[in-house]
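Protein chains: 4
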Amino acid sequence: MEIKQAIITGFMGKLKDRFSEYHESKTPEEKIAAVAQVKGAKGVEIVYPYELQDLDSIKRTLKKHHLGVAAVNVNIKGEPEFVNGSSSVNSKTLRDKAIQFICEGMDVAARLGADKITCCPLSDGYDYLFQVDYQQAWRNMVSTFKEAARYRKDILLFLEYKGSETRVNCYLDTAAKTLCMIREIGEPNLGITIDVGHALMVGETVAESICLAQTSTTPYYIHINDNNRRWDWDLIPATRNLWDYLEMLFYLRKFNYRGWVTSDMSPVRLNPIQAFERTIATTEKMIRMVNRLDMKKLQTMMKEGQTLETLKWLEEQMLR
Amino acid sequence: MEIKQAIITGFMGKLKDRFSEYHESKTPEEKIAAVAQVKGAKGVEIVYPYELQDLDSIKRTLKKHHLGVAAVNVNIKGEPEFVNGSSSVNSKTLRDKAIQFICEGMDVAARLGADKITCCPLSDGYDYLFQVDYQQAWRNMVSTFKEAARYRKDILLFLEYKGSETRVNCYLDTAAKTLCMIREIGEPNLGITIDVGHALMVGETVAESICLAQTSTTPYYIHINDNNRRWDWDLIPATRNLWDYLEMLFYLRKFNYRGWVTSDMSPVRLNPIQAFERTIATTEKMIRMVNRLDMKKLQTMMKEGQTLETLKWLEEQMLR
Amino acid sequence: MEIKQAIITGFMGKLKDRFSEYHESKTPEEKIAAVAQVKGAKGVEIVYPYELQDLDSIKRTLKKHHLGVAAVNVNIKGEPEFVNGSSSVNSKTLRDKAIQFICEGMDVAARLGADKITCCPLSDGYDYLFQVDYQQAWRNMVSTFKEAARYRKDILLFLEYKGSETRVNCYLDTAAKTLCMIREIGEPNLGITIDVGHALMVGETVAESICLAQTSTTPYYIHINDNNRRWDWDLIPATRNLWDYLEMLFYLRKFNYRGWVTSDMSPVRLNPIQAFERTIATTEKMIRMVNRLDMKKLQTMMKEGQTLETLKWLEEQMLR
Amino acid sequence: MEIKQAIITGFMGKLKDRFSEYHESKTPEEKIAAVAQVKGAKGVEIVYPYELQDLDSIKRTLKKHHLGVAAVNVNIKGEPEFVNGSSSVNSKTLRDKAIQFICEGMDVAARLGADKITCCPLSDGYDYLFQVDYQQAWRNMVSTFKEAARYRKDILLFLEYKGSETRVNCYLDTAAKTLCMIREIGEPNLGITIDVGHALMVGETVAESICLAQTSTTPYYIHINDNNRRWDWDLIPATRNLWDYLEMLFYLRKFNYRGWVTSDMSPVRLNPIQAFERTIATTEKMIRMVNRLDMKKLQTMMKEGQTLETLKWLEEQMLR
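Chains as they are written, first to last, in the working numbering: chain E, 10 to 329; chain X, 10 to 329; chain W, 10 to 329; chain D, 10 to 329.
Only chain E is shown next, with the shape it has when bound in the complex:
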């Protein structure tokens, strides 16, 4: 595997939750400069439209700091009119606006030298039973993303799934549901963004979700963080689920993953730069740990169902 680590720029500015606010506001350029301070960071994931109003300035800033662009994150949930959904709603006008955002995001990605955009349709869901027609919502989403994907084939459109938040139920809740939708859309330039925390939160084993994408030959892109399996806390990776993280990296090595792995860690009560340095350093350490493993030996033990031997061997390899 050949992993480059990026950071979602949004986490470098002001953060909030329902009850509090954290850190100071920053301009997009300042956020990029902050990313550049993080040892090991090679690129950014940056939000369209909110952080990409002045594209030339962003390009200059990225160039100045020698940072690449892992992906443009197209936000189709933040506009006031999108609070009840955008890609899934019955209003064609609203869906068209979502499509427009995605297409513009693709153009921006191309101009930034990125090969993909990623989109997490978090307001597309429901809070109450009997609130929406699930079948119609699904069809609307398929139609929205199909039209968007066809806009230009040279940029990949990655769909990011999440079970909840901001809606009680988001439509695109699991890796499998996302792959169902991608198959139904049927365009060649679709991919799936697998966020470690989103997978844990809906009860998935991250490595298994990666295998599912790999088997269906769907491109995947990784967001890293950790949580307690109950909510998307965006903690520093491997601070709760160390073995899951190592297992994920084992499969990324096995499948020879080459590309960006992007921090979706939220440093609300931590120093952002130091917290991202920790995220990157931990990930680098885990990559080294996995790269040290005798793959053949491990795969043979797994194939032969030698579970206890595997656990013992991993403990010896990994722990002091």
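Just so you know, these hints were derived from the structure itself, not from any lab. Since this is a predicted model, take the numbers as computed values, not measurements. It cannot be assumed that every hint is accurate.
Pairs involving identical chains hold if they fit within one copy or between any two copies, as the list cannot separate such chains.
Only pairs whose alpha carbons sit at most 20 Å apart, straight line, appear in this in silico EDC-like list of lysine to aspartate or glutamate [said to hold, decoys possible]:
| no. | residue 1 | residue 2 |
| --- | --- | --- |
| 1 | 25 | 88 |
| 2 | 68 | 88 |
| 3 | 294 | 325 |
| 4 | 263 | 11 |
| 5 | 321 | 286 |
| 6 | 23 | 38 |
| 7 | 162 | 39 |
| 8 | 294 | 30 |
Fit chains X, W and D to the supplied structure of chain E, relying on the hints for placement.
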């Protein structure tokens, strides 16, 4: 919709969990006779091979009691050699035995006048990380069910998903994953068994899962029960999640569901016959409640996003 | 029982979550005026210090609209310096500031004619393992609330528990933990705020938590809403867990609860005034449903373990 | 700390769940002999009455194998008449039988040289809403355990909590609820059994629960295993939640825990002897890892809120 209610015969005999046993053992014929005592029960779901050793006797008993067969439930987890999985394991010998069970179950279903078998591969999963190769397991399952499905096209093979139990993680965990697998198998005689409790337990909204199957034109078959969304408790329907149950029936009416709805309720600490009568009577009442609804009005309110009006109207329609 | 319904004023203004903002900002006086528009609302729960800067103006506005004060909600999490906790932290300076807020809140409550304040210490918790000394944090909290409670005995101090948010783990996570703390503090003017959604989210049955408080002779105060048992979604009551809500009201009737029941429902994507009207109307309807019940009959069936008869009877009493 | 590791004998025999059976039946003496084969095992936890019918034979067998008795586990859920509860039910006859079991278990413990019994009242709970009177059930439990505890003061009675299983809700669900009950019972010879998996399953941080017991000066006894925080899977410790396990041991060291730590790991699909060897070896390794830590340094970093430094330092100390 046109619903006939059936009961899984296994729940009429001796039940157990990790710590206790409940009720007396019964022969399959006695279990069928018990089902016949339940007011409103029109059929059974019965387990191959364990309850179908003497097929002629079972046929006679069913005929005597005027009971139909909703489905033959093919058990591919109960044999001692299946504890680590059957459809997903690397041993072709074991997989062949699972295939044999399914094919024999199909033959038995045909002889009993049923149109389908249902199979819930609960031992196909894992307990530890690094225990299995997820990709290989998936391929093994696809191959197993493909070979089984091709055995005879006149009997439908329904796959039943569940997130956990007996394995910490079962491969076929969600409706969407099951639909992914069905699509990959690519045979025309596949369907999905949607168990209300299994859906709730993995965070699904049952009605949404039914819509997903409907949209993908995959036949679905319903198991009913209820739980607290954390574990598959197999409680009496609508005793915890009343609105979810009504919403499911609303969509079954909308899609004009015609067929069996089968009790997967476990009467561990209740009188089984009375508990199944409660299950059936509650379901019949809910069906009447849903049939009374002005569908056009409800669908219009939903389409127009009149959530508060919908909630108010449903309360007036449903509650005293 | 004799229930008066109040509304938390904060939900009448601008709301936010991690990703979006909802509705317009309002002054405290405008929020009170909005509450006054809600049919059935008899009072408010209002936040100190943020909504009570001009106490005379608030008093006048409440009087003008004939609204009472259920409780003053003392916020000890919102100040920037409180993000890592206030009542539990090692800094005596910060704890003193929290104590000061609570004492001032008590004075304000007295001047508003309220008999209690309520305090939900949501930033008192942790996100990472090895982040805090749990024992020290507990002792700090006990000391903080003891000192605050002793400030004046004529105002009750209610502690509100919640499992998570904003911290991954809040110290005061369950009803039982809160009762442990109240006993350890050992002052007579302490109570527990039981929020329906907080109880559901940590796996409690709300009615059982009320019984626990009742048995320990701890005063309790009720916040109403609903959720899917996984997160504190602050939905309209009984829209997900109808039976839990009815059971809670059954015990409030049994224990002859006299006092405020306050809406902690968050109308993020709904019209706030209409959503609170729905909340209050639903609650009133459920109260009528429970008041209609033959208590003696129900308690006898429960005492005798007639579960199936109880379920049948409740269905007849409650559903059309 | 000074830890001796024991094994619950029951896991050495035939195991079952709802769907399958695992391993062969063994006599209690054979189970003890099996424990003796496990490298590092110094004692047993053994079940009264089912494994202690022939006390002399058990004593001889234990002596022969140089095994101690960590605790007698008094089972008050297994009798057919206990399926709806024993310590909590309204029938004084049944409660008396539970009391008798506990008292006899205490006598047996004394004769085996153990200082305590442990009791996990898993059938004391409910499955349906409106099924029980929670207040009466609580009072019944308090009365049962009070009467039992007073039987003899030289043997400690430990109560083990668990959120679910076999009942949808068990009354004694969390550490805090158990401490509430212990305080209400008010006898000096009560303790709390903290099972790592039970704590994880109800959302507790194990180390925090231990601190809660320590602070309230309630004796505690530890059961070890692991799970995915959703169900009590009884996995090998630290295979899912490594950091939680290390943190727990850190506090046991800090509080100078001296006594038994007992495997409550269920080797359903594993070789039992090898699985327990893994459990013990992993635990021994983790103890060494924790014993190696500079306690002063760690506690200072925690006290000063140096979270990122702590995480970095722990990674260096623990991982290769």
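Verification of the hints:
Taking the shortest alpha-carbon separations for residue 25 and residue 88, both the intra-copy value of 17 Å and the inter-copy value of 13 Å come in at or below 20 Å. When the C-alpha separation of residue 68 and residue 88 is checked against a cutoff of 20 Å, the pair qualifies neither within a copy, at 25 Å, nor between copies, at 37 Å. Taking identical chains as interchangeable, the C-alpha atoms of residue 294 and residue 325 lie at most 20 Å apart whether they share a chain (16 Å) or sit on different chains (10 Å). Proximity of residue 263 to residue 11 under the C-alpha cut-off of 20 Å is restricted to the intra-copy arrangement: shortest distance 11 Å within a copy versus 43 Å between copies.
Taking the shortest alpha-carbon separations for residue 321 and residue 286, only the inter-copy value of 10 Å comes in at or below 20 Å, while the best intra-copy value is 31 Å. With identical chains, the CA atoms of residue 23 and residue 38 are at most 20 Å apart within one copy only, with a shortest distance of 14 Å there and 29 Å across copies. In this assembly of identical chains, the alpha carbons of residue 162 and residue 39 never lie at most 20 Å apart, being 32 Å within a copy and 52 Å across copies at closest. For a Cα distance limit of 20 Å, the shortest separation of residue 294 from residue 30 qualifies neither inside one copy, at 32 Å, nor across copies, at 39 Å.
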